[in-house]
Structures are given as C-alpha cells and as structure tokens.
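Colleague: Going line by line, the protein sequences match chains A and B.
Letter 8 of the first sequence, counting from 1, is numbered 24 in our numbering, and no numbers are missing.
Letter 8 of the second sequence, counting from 1, is numbered 152 in our numbering, and no numbers are missing.
Quick caveat, the hints were computed from the structure, so don't treat them as lab data.
In this text the structure is predicted, and so the values were computed from the model without any measurement.
Accuracy of the hints is not assured; some may be wrong.
What the hints assert, rightly or not - Computed from the model, here is a short list of chain B residues facing chain A with C-beta under 8 Å:
no., residue
1, D200
2, E206
3, P264
4, D353
5, P356
6, P360
7, T488
To be verified - The calculated label-pair distances, taken between Cβ atoms and stated as ranges, are:
no., chain 1, residue 1, chain 2, residue 2, range
8, A, L51, B, D353, 26 to 36 Å
9, A, E61, B, E470, 21 to 31 Å
10, A, G35, B, A473, 10 to 20 Å
11, B, V355, A, E61, 24 to 34 Å
12, B, A184, A, L51, 41 to 51 Å
13, A, E61, B, A473, 21 to 31 Å
Just so you know, even glycine gets a beta-carbon here, dropped at the ideal spot from N, CA and C.
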Amino acid sequence: MGVPTVFVTSLPTIATMVGANRIVRGPAITHPFGLDEAERRRIVERALEMLETEVEPTTVWEVDPA
Amino acid sequence: MVRAVHYLNQFFAGLGGEEAAGTPPTRLDGPVGPGRGLAAELDGIEVVATLACGDDYFGEHEEEALARLLDFLEAERPELLVAGPAFGSGRYGLACARISRTASERLGIPALAAMHEENPGVAVANGAVLIAATAGNVAGMREALPRMARLAEALVSGRALGPPAQEGYLPRGFRRNELAEKPGAERALDLLLAKLAGDVGSEVAGGFDRVPPPPPVGDLSRALVALVTEAGCVPQGNPDRLPTIRARGWLRYELGGAPRLEPGRYESVHGGFDVSLANEDPNRLVPLDTVRTLVAEGRLGRLHDVYYTTTGNGTPVAAATRFGREIAAELTDAGVEAVLLSGT
Numbered sequence: 017m018g019v020p021t022v023f024v025t026s027l028p029t030i031a032t033m034v035g036a037n038r039i040v041r042g043p044a045i046t047h048p049f050g051l052d053e054a055e056r057r058r059i060v061e062r063a064l065e066m067l068e069t070e071v072e073p074t075t076v077w078e079v080d081p082a
Numbered sequence: 145m146v147r148a149v150h151y152l153n154q155f156f157a158g159l160g161g162e163e164a165a166g167t168p169p170t171r172l173d174g175p176v177g178p179g180r181g182l183a184a185e186l187d188g189i190e191v192v193a194t195l196a197c198g199d200d201y202f203g204e205h206e207e208e209a210l211a212r213l214l215d216f217l218e219a220e221r222p223e224l225l226v227a228g229p230a231f232g233s234g235r236y237g238l239a240c241a242r243i244s245r246t247a248s249e250r251l252g253i254p255a256l257a258a259m260h261e262e263n264p265g266v267a268v269a270n271g272a273v274l275i276a277a278t279a280g281n282v283a284g285m286r287e288a289l290p291r292m293a294r295l296a297e298a299l300v301s302g303r304a305l306g307p308p309a310q311e312g313y314l315p316r317g318f319r320r321n322e323l324a325e326k327p328g329a330e331r332a333l334d335l336l337l338a339k340l341a342g343d344v345g346s347e348v349a350g351g352f353d354r355v356p357p358p359p360p361v362g363d364l365s366r367a368l369v370a371l372v373t374e375a376g377c378v379p380q381g382n383p384d385r386l387p388t389i390r391a392r393g394w395l396r397y398e399l400g401g402a403p404r405l406e407p408g409r410y411e412s413v414h415g416g417f418d419v420s421l422a423n424e425d426p427n428r429l430v431p432l433d434t435v436r437t438l439v440a441e442g443r444l445g446r447l448h449d450v451y452y453t454t455t456g457n458g459t460p461v462a463a464a465t466r467f468g469r470e471i472a473a474e475l476t477d478a479g480v481e482a483v484l485l486s487g488t
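Whole structure, please, built from the sequences with the hints as guidance.
Modeller: In structure tokens:
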C-alpha cells in the first residue's frame, strides 16, 4: 500500500526517472518550496491537492502562477 | 579531422561552482577543462568548440536550454557530440543525456555521453545514446577520458562495438547474436564453473524501483502528515555530522512544536547546490511555516512532530532505497498518512 507521498522538486525529469509517482514542480533547485510564504502556500496547497487525487504512475503537476 | 563539440557543466567549463549553477548556455572556443585531456586522447577528431550550461539552469529550463544549445551546436557543423563525463552528478548527467539525445535525433550526428551507471541520466538516455561508463566521482577522470576517446572514435568510424563490459560503455538494452566458438553445453558449464568460483557478472543492468502510486488520502483535515527532505536540512552546526555528499544514512529531528524552521537554528549541508537562499530561510526546503498555518486553519489534521532528513547527493541507488524503506517503516509505525518530500 505505502504512504501517499508528494515529491516537490524542480527536477521532475529526474523524479520521473527514479519512479516517484506524485511530483509537483517546485520553482528552483535552491528553494523547492518557494522564496516567500505566499509562494510556499501555493506550492503546498498544490501538493496537498495531489495527495487527495488518484494518479497514474509518475504524474507531474505544475503550480499555478500567482 | 572530424569536427566534434564537447558539452560540459559550469563547473568543468571553469565558469564557477554552485554559485554559477544558474549560468545559461554558453559557447567557448576549442576544448576546455577535461576537454583538453580528451582532445589529447582523440585520434582524427578535433574538439572545435565547448558548450557549457549551469546545472541548475539546465534542470530548471530544460527546453529553453536545449533549444539554445542546439542553436550553438548547429552553427559548429559538428560531426560528433561528446558530453561529460558527469560521473554521479544527477543534474549534469541529465543535461548530458538530453543534449546527446537531441543532437542525434535532430542533427543526425553520433553522440557520446559519459557518466556512472547509477546516474539518473542513464534512464533519460534510455538506450538511445551511447554512454561511456565512469566512476561515481571525479577521481575517475583519468580512466574515463581514454575510454571516451576510444568510443568516440568507434562512433565516427562506424566500427562495430563489442560487448559493453569489454568496451566500457553502459548496456543499451540491445541483444546481438554472435557466433560462439564452443557449443551451448560447454558454455553453460563454463558459466557454472565461473559462478562457483564467485564470478556472478551479468549483462543485465539493474533498474530503478517502481511502485504503484498509493491511493489518495481520504481526509487530509484529519490526517497525520510528515515532512521529509533530501535537501540536507539539519540543526545549525550539523550536530550529527550528516555528510554533504554520499550520505550513508538519514537523521530524524524533533520539531518541538516550533512554528517554523528559524534561520540560524537550521541550515542545509547539502553539497550539491548553493545553500545560501536555504540558509536565509530553511522553510524554503522544509515548509514547516506553511504546514503549521494549514494545520491551524484545519486544512490538515496534525503534523508529525519529527522531520526526516538526508543528503540526496551522489547517493547510490541501493543506499537511497534503503533510506526510503527505513523512513517509511518509521512513518507507518507512527500512523503517518501523508508525506511532503522535498528534493533539490
């Protein structure tokens, strides 16, 4: 079964290759969860939405721009 | 002379370390850095130009970077592209695999990349690019360059390659028939004797673990959620000495109900990216501040008051798989129902 996990990374190509299933594209390698709290909130909310969704293997979601 | 172009990341092209990882694609004259050693090994092939790109820039703008690199490449009218060696670096290996693949597919020229067998770039190339096998880190440079040169020469001359182990490239998933000198029964016995003597070599490459996606969380507003990171985020001063690269384990730290990861109390020791922005605000790696807010608002049930960390930098796949299994076992025992994992 496993624990539903969402992987937030700015390198979704690599995440896909290694077999992560729920992937959200973060803005940058140096700050996958954004620079400020407003941006972080959009990323975390998108990640939570993905945890609530049935997905195909190695699905990548984008975060909506502000 | 056959015209070759060499691809390097910002570090090997001499443009700078992690602080220069955001450098966009650049063209340099002739061979640069390890390209000089490669050029000295090459017979009948001239490195006419070097293309370089920052690892972060490539990872974050793959399509733009590829388009720009392809423009540079076309202008050189090359007959061969060589990329790397990237050793165990994931971002660099990804760039080498993609530029090599693009060069073959779009310009119709042979391309050679070079990296360690566990580099994620190998899977990105997916057998479409010839990849010279290298060690996991730069200590393997001296061994890598002559091997790359021999393979590059084979590519341009059209010489048929022998088996991967003999020529020093990574298996591409092809099977080729060949005439053996001995009949099958004798070869089977030879294999058995070799195995009994402890030689258990295989031509079949290992792969990444595939697991089906777990079903979604039923109700996040009642769920116990945990934070996990491979970004090397540890308490200031790194009390348990988490390695900056090739970690052999993972660590767990209590959050003690803290509302956020305070700068100055947490830092990142990851050796694979510039950590200055993360150290200014560690919540950029582990989003404790936002998650606490969402718990207070009722969007999330509870936060597991321990976070898990390691450095996913040059980590062998077997080790990373073990970390994942061990952390998952702890999370399951604690009743965690959802995980936010960050990667850099």
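Colleague: All hints, please: hold or fail.
Modeller: Checked hints:
1. D200: holds (5 Å)
2. E206: holds (7 Å)
3. P264: Check passed: Cβ of B/P264 comes within 4 Å of chain A, closer than 8 Å.
4. D353: holds (6 Å)
5. P356: holds (7 Å)
6. P360: holds (5 Å)
7. T488: holds (5 Å)
8. A/L51 to B/D353: 26 to 36 Å: holds (33 Å)
9. A/E61 to B/E470: 21 to 31 Å: holds (30 Å)
10. A/G35 to B/A473: 10 to 20 Å: holds (19 Å)
11. B/V355 to A/E61: 24 to 34 Å: holds (25 Å)
12. B/A184 to A/L51: 41 to 51 Å: holds (45 Å)
13. A/E61 to B/A473: 21 to 31 Å: Taking Cβ atoms as reference, A/E61 and B/A473 lie about 29 Å apart, which means the hint holds.
Consistency with the previously given hints is maintained throughout, with no hint failing.
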